[in-house]
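J.: From just these sequences and the hints, can you work out the full model?
Residue numbers (the working numbering), protein chains in the order written: chain A, 1 to 314; chain B, 1001 to 1305.
Treat the hints as calculated values from the structure; they're not laboratory data.
Any given hint might turn out to be false.
As the list claims (entries may be wrong) - Restraint-style ranges between C-beta atoms, simulated for each label pair: (1) A:204 <-> B:1058: 53 to 59 Å; (2) B:1161 <-> A:26: 21 to 27 Å; (3) A:300 <-> B:1186: 47 to 53 Å; (4) B:1127 <-> A:204: 40 to 46 Å; (5) B:1200 <-> A:56: 42 to 48 Å; (6) A:15 <-> B:1200: 27 to 33 Å.
As the list claims (entries may be wrong) - Below, in silico cross-link-like pairs of lysine-lysine (DSBU-like), each with a Cα-Cα straight-line distance of 30 Å or less: (7) A:55 <-> B:1146; (8) B:1292 <-> A:250; (9) B:1292 <-> A:120; (10) B:1079 <-> A:250; (11) A:120 <-> B:1079.
In this text, all values refer to a predicted model and were calculated from it rather than measured experimentally.
Heads up, the beta-carbon is just placed ideally off N, CA and C, and yes, glycines get one too.
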Amino acid sequence: MKEQSKTAVARRKSLRFRFSNTWDLYFFLIPTLVYFAIFHYAPMYGLQIAFKNFKTRQGIWGSPWANPVWYHFERLFSTSLLQTALLNTLALSFYSLIFGFLPPIILALMLNQVSNVRFKRFVQTVSYAPHFISVVVMVSMLFCMFSTTNGIVTRLLAVFGLGPYPITSEAQYFRGLYVGSDIWQNMGFSAIIYIAALSGISPELHEAAVIDGANKAQRIWHVDIPGILPTITILLILRSGSIMNVGFQKVYLMQTSLNLSKSEILSTYVYKVGLQDGDFSFSTAVGMFNSIVNFILIISVNAITRRLSETSLW
Amino acid sequence: MSEVTAKKKGKAIRKTKFDLIFDIVIYTLLSLLTLSYLYILIFTVSASFSDPNAVYSGRVVLWPVDFTLQGYQRVFQEKMLWTGYLNSIIYMVVGTLISTFLTLTGAYALSRKDLPGRGVITGLLVFTMFFSGGIIPLYLIVRSLKLLNTMWALILPGAISMSNLIIARTFFANSIPDGLLDAAKIDGCMNTRFFFSIVLPLSKPIIAVIALYYGIGIWNDYFNAMIYIKTRSFYPLQLFLREILISSQTSSAMTGDVLEQELLAQLQEIIKYTLIVVGSVPLLVIYPFLQKYFVQGVMIGSLKG
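T.: Right under this line is the structure:
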């Protein structure tokens, strides 16, 4: 038996043998490769129009180079809108990360303490529900709930003598509303991964802690949290990696002329300048700036976490 | 099973006062959270069934006030709603089929350790998760392929999601025993036949997970339609909802006969609640039954981290 597997390993090493064994798998790969070539790598090739003056007739390759080549980047760094949009992008991301990261973990830790299976399932099912609501419906629900004339939240606050606050229209409330509704919508679903990690913790650890006289809170702190720390780290890296990719879809829907000073982010700016005004080259430059900052961020976060702990993406 | 009894025993022995209070606090907090979710959902449904005047003046608190189907009657008169529903269903079915097929075949090939060039190809694909050309170059590519204003613009640009590809690859790598392949090889089975007649039947749960993720993604998307679709009769449901709910362009098919300003405002209010319900009912009704698949998907995805 052992001898057989050894020769098999040796044969597997020969490239020619491996190819003769797997050549038809490349037919499986062709559609995937074509897809990535067209819809991911071709747009990267298209990034060159950030250095050109794009003309629809001449196409990506044929359009003339800008003079100087970095002309659109010069424009980019000289507009004050960039500063605002960059600042807003970072602020929304950091707030989402700081305020949004803990609630699912806390929810999972609490659910893990519930021994009544029915109650646990019910809470889980209900808390997943908002995750399946589309962003259009979610934002319109916000508008309805916080409407200053008759929104249900406004009326609830009025019972306590508060408000009315123009929450959906004014800039100062924008970030809070965005981050808060995001937490409300996704907390339950994001908790799943931590619940899964918690169920993987060996019950012997808990038993040992009980014997040592640990109460529930101490067991959460000394057993549960260390047990899910690797999961937390990985997710933190992944979240940091998308810091520059704030959800365009929701921000765009929540924008009003009054809250633009806080709600204009890089991606909505790219959309407006590029697809609405038709300034393709300049908006590509803005988008490219976004992608590069994002790329640098994820590489640094990964490097930092690798140094601090054993866990990293690669 | 024995773990559960062991846990229970431990509790029975050492249920201290602190633990009891701790449990009470947790149950209370979780109940409050659940109630807050339920309240919003119930209120929305109630408002859609209430008299416009009651909603507008804030008399609806939890249950419907002056029950009426007026909102639904008016909403269902709108032809665009049906067009949008139909379009969304078509886009979802076609898109899910294509995406799932592409993802499964690609993921299977990449899950095979004996595939030459696997590492390089995987690396090239993963790179796209961290760096992208951005929306404008993608739009130009879609435009130059003459896909603008067609269903394909909504389906092809996002046909394969890297996270689904990774989930499927992880599943194939961990759940299809190598021995099966060796046995099939001895019988002279080609990879293609092995995949379709042995791997796929063994992968039903992962196929369900991936199809669900894609289906929901297409159903809930408005952004791709907003940039790629110009003809109104091709609008998916979400884009149509956006027009009315966010931009507040209530169509005359729904409110045409009401001319008085105040009545119109009241009517528009319950039309919004009704559309919110009509727009989210399909998924909210289905998801509790599919819940286990979502949970499975998240767990498989987390295996690899």
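J.: Taking each numbered hint in turn, which are not upheld by the structure, reported in ascending numerical order?
T.: Violated hint (a single one): 11; every other hint is consistent with the structure.
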